[in-house]
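Participant: Those protein sequence lines, which keep their order, are chains W and F. Taken in order, the first sequence gives residues 1 to 77; the numbers are from the working numbering. Taken in order, the second sequence gives residues 1 to 308; the numbers are from the working numbering.
The set of hints was computed from the structure by calculation and includes no laboratory data. The beta-carbon is built from N, C-alpha and C at its ideal position, and this holds for glycine as well. Be a bit skeptical, because a hint or two may be false.
Claimed, not checked - Computed, partial: chain F to chain W, Cβ under 8 Å:
hint, residue
1, R27
2, G200
3, K205
4, V208
5, S244
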Amino acid sequence: MTNEKILETLASIIADKIDTDAAEIKPETTFEELGIDSLDITDIAMSVEDAFGIEVEVSGELKSVGDLVNLVASLTA
Amino acid sequence: MYVPPHTVTNDDLSALVETNDEWIRRRVGIAERHIAVTESTAGMAAAAARNALDNAGIAAEDLDLILCATVSADNVSPSLACMVQAALGAVCPAYDINAACSAFLFLLETAAGWFARGRAKKILVVGSERMSRIVDWSDRGTCVIFGDGAGAAVLGAGDGYLDSVITVRGGDSVIKIPCSAGKSPFWQGSCEEPYIQMNGQETFKYAVNAMCGDIQTLFNRNGLTHDDLAWIVPHQANYRIIESAAKRSGIPQEKFYLNIDRVGNTSSASVPIALDELNRSGRLQRGDKIILTAFGGGLANAACLLTW
């Protein structure tokens, strides 16, 4: 799966979670900018697990949407 | 139910730890909680029990069994149930069951066994917690979450307890409340502070999955959808757990009875306090189908389907 395709799915999940426009969500967008805290990230990770059929280990290193795209890409490669 | 009259607001807490009202409301959905000043766990349990007995029109001597739950007892022994029995002047057997925040559901399951064997006609079940005794008041991650109080119900033999799910995944890596270390001069192991330890993210994930899974199991086994339910009364652990579980389950959030904003997380007292509030508010009708659902340390989670 391409990173663009992963980003599209992630943006849709995140936008649904925090009620924002998916088009506004770019790889460089940080979770802090989106007002997302650790429980939101856990919630998002659970949806990501369902969407991609993977198990995501949430860590403090996940700072931006791009970090999450890379993590999903590595787990689905 | 019984809650101590003293309330502690988020602003009050911001004087103790680095936090603020907006953060706490957004993070866990709590505005204030009741905190014991002189009330004991047993005293609150007995007060809630008396209210339940009055509401049911039952005298203490007519009880056949008392079952209690707590993670914040005044004493390891006698059990909370023994202290409640003494306070009420009851003469029936009385014992505790420890399943942390899910314990009230475990009490109901145990009571169902006594009823099924014809050993009891009236059973008192009580969850009582003085969580303020076992939280680390310097840890803003946990001290803002919990509150004190007790909830009780008088159960009668009947066919209203339709189905239940009970699950345990044993381990202490997600939620743990160590006992007091003691003062043995021979002990060479580690000593932990006797305060609640919780991995917030793992707890969130476990709780949402447990709630969604247990509710779905009850729906599947009983051929129900949320349209058939009057209410779901969840353990009031964190507003966002309930919000996420509702969304994932496709159940309207209005179906979930919530009082966490006013009482916080009262562990085993949480479900019976919420249920009593709901009942006394007149929003439960005889014949209504409801689901109670809880999760917590153990890890132990449970849900049951009732006809009110």
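Participant: For which of the previously enumerated hints does the structure constitute a violation, in increasing order of number?
Facilitator: As far as the earlier hints go, not one is violated by this structure.
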